[in-house]
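Please build the complete structure, drawing on both the sequences and the hints.
Keeping their order, the protein sequence lines are chains V and D. So that you can map any letter, position 37 of the first sequence is 37 in the UniProt record's numbering, and since no number is skipped, the others follow by simple counting. So that you can map any letter, position 46 of the second sequence is 46 in the UniProt record's numbering, and since no number is skipped, the others follow by simple counting.
Heads up, a few of these hints could be off.
As the list claims (entries may be wrong) - DMTMM-like cross-link-like pairs, simulated, lysine to aspartate or glutamate; straight-line CA separation at most 20 Å:
no., chain 1, residue 1, chain 2, residue 2
1, D, K302, V, E304
2, D, K193, V, D122
3, D, K222, V, D81
4, V, K118, V, D81
Unchecked claim - Derived Cβ-Cβ restraints for the label pairs, each shown as a range:
no., chain 1, residue 1, chain 2, residue 2, range
5, V, Q110, D, V133, 50 to 58 Å
6, V, T12, D, I451, 24 to 32 Å
7, V, S41, D, L457, 17 to 25 Å
8, V, W175, D, S450, 31 to 39 Å
9, V, E304, D, K338, 35 to 43 Å
10, D, R290, V, N23, 47 to 55 Å
11, V, E380, D, R290, 34 to 42 Å
12, V, S339, D, V432, 45 to 53 Å
13, D, P452, V, K77, 33 to 41 Å
14, D, F293, V, L459, 43 to 51 Å
15, V, D123, D, E145, 46 to 54 Å
16, D, V432, V, K358, 38 to 46 Å
17, D, S584, V, K77, 33 to 41 Å
To be clear, the hints were calculated from the coordinates, so they are not data collected in a lab. C-beta: ideal position from N, C-alpha, C; glycine also.
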Amino acid sequence: ESHQVLAQLLDTLLVIGTKLTENPSVRMRLVEVACKHLTDSSHGVRNKCLQLIGCLGPVEKGVAKEVESQAAKDVQKIIGDHFNDQDPRVRTAAIKAMLQLHERGLKLQQAIYSQACKLLADDYEQVRSAAVQLIWVLSQLYPESIVPIPSSNEEIRLVDDAFGKICHMVSDGSWVVRVQAAKLLGSMQQVSSHFLEQTLDKKLMSDLRRKRTAHERAKELYSSGEFSSGRKWGDDAPKEEIDTGAVNLIESGACGAFVHGLEDEMYEVRIAAVEALCMLAQSSPSFAEKCLDFLVDMFNDEIEEVRLQSIHTMRKISNNITLREDQLDTVLAVLEDSSRDIREALHELLCCTNVSTKEGIHLALVELLKNLTKYPTDRESIWKCLKFLGSRHPTLVLPLVPELLSTHPFFDTPEPDMDDPAYIAVLVLIFNAAKSCPTMPALFSDHTFRHYAYLRDSLSHLVPPLRLPGRKLVSSPVSPSITPHEDPSQQFLHQSLERVYNLQHLDPQGIQELLEFTIRDLQRLGELQSELAGMADFTATYLQCQLLLIKALQEKLWNVAAPLYLKQNALASAAAKQILEETYKMEFMYSGVESRQVVIIHHMRLQAKALQLIVTARTTRGVEPLFGMCEKFLQEVDSFQR
Amino acid sequence: LSFFCLGPGAGQDVGRSCILVSIAGKNVMLDCGMHMGYNDDRRFPDFSYITQNGRLTDFLDCVIISHFHLDHCGALPYFSEMVGYDGPIYMTHPTKAICPILLEDYRKITVDKKGETNFFTSQMIKDCMKKVVAVHLHQTVQVDEELEIKAYYAGHVLGAAMFQIKVGCESVVYTGDYNMTPDRHLGAAWIDKCRPDLLISESTYATTIRDSKRCRERDFLKKVHETVERGGKVLIPVFALGRAQELCILLETFWERMNLKAPIYFSTGLTEKANHYYKLFITWTNQKIRKTFVQRNMFEFKHIKAFDRAFADNPGPMVVFATPGMLHAGQSLQIFRKWAGNEKNMVIMPGYCVQGTVGHKILSGQRKLEMEGRQILEVKMQVEYMSFSAHADAKGIMQLIRQAEPRNVLLVHGEAKKMEFLKQKIEQEFHVSCYMPANGETTTIFTNPSIPVDISLGLLKRETAIGLLPDVKKPKLMHGTLIMKDNSFRLVSPEQALKELGLAEHQLRFTCRVHIQDPRKEHETVLRVYNHLKGILKDYSVQHLPDGSITVESILIQATAHSEDQGTKVLLVSWTYQDEELGSYLTSLLKKGLPQSTS
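Here it is, written out as structure tokens:
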């Protein structure tokens, strides 16, 4: 009797119904009850009824036929009737119920489309918002069917018509509806390109004469090779006269929807519009090209989130686009933003953009370097950015190389400071470009090669391996000035050796690894510092031997049964042989080896021989040769002890 | 049936807005502006049109001011104090705060500088402001029992509002100046679907569709940035209120974002007071400022400082906002003369310049200016033009019309030729009639007001009992008697009306004869008619009475043979006035004849 009680009751029934999914007859009964109460005078009751029908209404056609009640048969029609209810809440509920049915897998009828279109002009924002959703659903269901345009004889595809209508809602009075509409636009990918491109077109005029947009002007200036003067008052003076009859101020179509959306008062709408642009641009390269100008403009939005979003969007579509110089200019201006997030997002964007000219690359480099001096903490991200920039545009970098390295055909220029982040940045760009451009290294000067070698080691994730022609160890003439350099390297050498002294305390695995690393370090050091090369090489070789020995011993050859170790045996004997060879080298090929070191070498050799002996002992059948070897070995031990 | 009329000023002219509206017997004056171009009596609207019929206070029910620009409120002290008006003046809170500052400034210039007499005094401004009633957005103010007004947000400048004026069910919306695209410090105009009888809209940009403001802003910032980086000085001549604040916010946020260090100065005076009010009325600004307000009030500028005359000679880059905007006098001109010689410097004109001013000259490309004392000033600095305007363009106007859904549109505050175009478009696209009256012209618009009528409870209950459930959106037919007495309307049942008026009841009966060709006997004909009617009128009770007549509800049908021709039967149909609908339907049915059935 009370409307409230009734509504509550229906609510309870709804919960019961949703729990009893496997019992269709109960659900049918519930739906019937709901249908009966649809004529109730309270909006609350009608609301709940529609909700119930939406959630429980029959989805499969098969169920409907055995039901005697005619009412339950056509749920869609019942709900559709309530699209014109007097209460906006009931209208909203009706649309929501319809959407619910759709979600549960019922194929909605196309006839609803025209009803839904009428609801777009509803007075209440909830209704409009829900109607936009419904239209979107229908446009996805029947994209290709044809609908007539009222007031003319033409017919267009439903998806295009729906697209136009939703675009229209982007300039709705309520921002909730605007956000909804802008979001949905992004997912309408079947729309034809003609309509899509209209969304970015807003016919400009001034005193009834057609005016070119600032974007068009910028493009023209760019193509004519001039730079924007902006100095004249009438710079943007309108040119052609337009026919007054031909101008439609409010098109029902998609005209300028995104222009409005991106200029919206609420940033929620702007973000939604940027997202939609992104999605549409991903599926249509030509649209991507067109929306570029607008996205670039969004980089200067007053709200940081919007800026960030538009930069990310740009990155996502960057495969499809090439930036013009003037656009790049605007993009790069954002590099000075004080927010680190924005700058990093922009670096990521630059990583994957295509630039059209060498001036563009130069501009980008200059701006990035400016950024580097202003915000030194951005170093890593800028280097990374330049790495990709270089590897993407090798041919554009090539003509810039002499300028960037400031080389001169006749004069030697001073060698730049290796620790300057800006110089490193330039080198990163060049080396990455050189990777796919074999002619580039010819332009390098001597110190560049040296710096390459250094960077290849210190920033190996940024500098790719290059195949340099006749890469030589340019030993700079030994001069007293070298001494300060010696210190750190020598120190390094000592440090690495000290590490080795502590070997005994480590587990075998650790020992091996440490040895391997130290050997690598030493070899590198030898290559870089020629005056330390001997020492480093010597130590490296010794450690190498040690390593081999440890490896060989680890196999525990003497414990393994004979047939099994045939393979290891080969390994061990090879190791022994190599150690022998190396020890001889160590003993005789290095000058200035002290007697203590000679002893160490001998010790090593002795160990190797012992190993060899064991190996042969295990492998050879006969005893005679073994005795001979043993004697020889004992002799050697004697001589060593002396 | 109400009419609206357009009074003293405005019409097809920019400047001096003043509109008089009569709506259902109430007279409302919208805006009270002055014309900047004139220095004689023509600068104020001509109130003699009203005063010829007596005092202003008696004639006008209220005055509404949309925003604080002088072309919308400049004549207010003259009107209220010198001509004499004591009724209420409505405006929004920010307008009420800023309006007196501007009026005082204007008075100073005219009286103290130009030495004019016969002008309003400071005291008059104060007295005038005492009559002002401030309103909030979306607050419905009941001016008197019938007249109510409501303000909507309009963008344009701080505190600008659109007003809905409503008497009974008739309403007018006056937009004042408005802006449909948000800018750096204000939001966009918004109105609900109030479906007014008339929308009075400004139409400054009737034939323009503007480019995105982002490009303009970007250009502006880029130019300033480049000059500052070069070490040059930037001069931006502005008027103290409105655009100046927008540009300040723009530069302030840019400086913040880009971490720039060059100083920005704002020439002092009026602006400081105005900025103070901008700080106070945060709720009237846009989303961004309202959101960041919790951390920091955007109008508390970090980088913008007050300007001192001595700063102009400081070395190094700087940006200076200086008044007035057209470089015709004052501080902006002084600074301009100091900086004009250096090609590193730049002047950016953010608005329109009247012919004859220095601003106009340099914009049109003149590089050698003759100053007073026959000095020749060579302009080497760069001159840029940037249009920052806060009026709705053609698209914006159309958008507002779409939002409000008015039945009629009236365009004011624009140029006739341009308005003609827009008018045509509005009529074509919305199918509403559109007017564009000239100055002093009166436009009358007829409305279709719905008139409320009291219905007696008994009648309502009786009528609803007959029909189905009441459906609110559909009209319903009812029978009753309308009594118009003492300016009130009542709907009562006929019996009650008779009783009240002391009249006797009269019956009105219609009779009609229908001739039917039927050779059969009379009672057979009757039977055929009976069956026929019974077949068609299923919902009504059709009865065959023993005396040979048929009744359909209360309608009587009798059949007699024609006196001369026996083959023709005459059907007599008789019904009362109350059954008119059914009766006439029945006769037309019978006139079509009976179906040729053989039985």
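Hints, one by one, checked against the model:
1. Taking the CA atoms of D:K302 and V:E304, the gap is about 19 Å. The hint holds against a cut of 20 Å.
2. The hinted pair formed by D:K193 and V:D122 meets the criterion: a straight-line CA distance of about 10 Å does not exceed 20 Å.
3. As the CA atoms of D:K222 and V:D81 are separated by approximately 58 Å, the hinted pair breaks the 20 Å bound.
4. With a CA separation close to 13 Å, the supplied pair V:K118 and V:D81 stays within the 20 Å bound.
5. In this structure, V:Q110 and D:V133 meet the distance hint of 50 to 58 Å, their C-beta atoms being roughly 56 Å apart.
6. The hint said 24 to 32 Å for the Cβ distance between V:T12 and D:I451, and at roughly 47 Å that hint is violated.
7. For V:S41 paired with D:L457, a C-beta distance near 19 Å keeps the hint of 17 to 25 Å intact.
8. Take V:W175 and D:S450: their Cβ atoms lie about 32 Å apart, and the range 31 to 39 Å holds.
9. For the pair V:E304 and D:K338, the beta carbons lie near 38 Å from each other, so the given range of 35 to 43 Å is met.
10. As the Cβ distance of D:R290 to V:N23 is approximately 53 Å, the hint placing it in 47 to 55 Å holds.
11. As the Cβ distance of V:E380 to D:R290 is approximately 38 Å, the hint placing it in 34 to 42 Å holds.
12. Remark: the range hint 45 to 53 Å for V:S339 to D:V432 is upheld by a beta-carbon distance near 48 Å.
13. Against the hinted window of 33 to 41 Å, the Cβ-Cβ separation of D:P452 and V:K77 comes to about 37 Å, which satisfies the hint.
14. Taken as a hint, the range 43 to 51 Å holds for the pair D:F293 and V:L459, whose Cβ atoms sit roughly 46 Å apart.
15. A hinted range of 46 to 54 Å for the beta carbons of V:D123 and D:E145 is inconsistent with their spacing of about 28 Å.
16. A beta carbon spacing of about 58 Å between D:V432 and V:K358 contradicts the range 38 to 46 Å that was offered as a hint.
17. One distance hint, 33 to 41 Å for the beta-carbon pair D:S584 and V:K77, holds here, with the actual separation near 36 Å.
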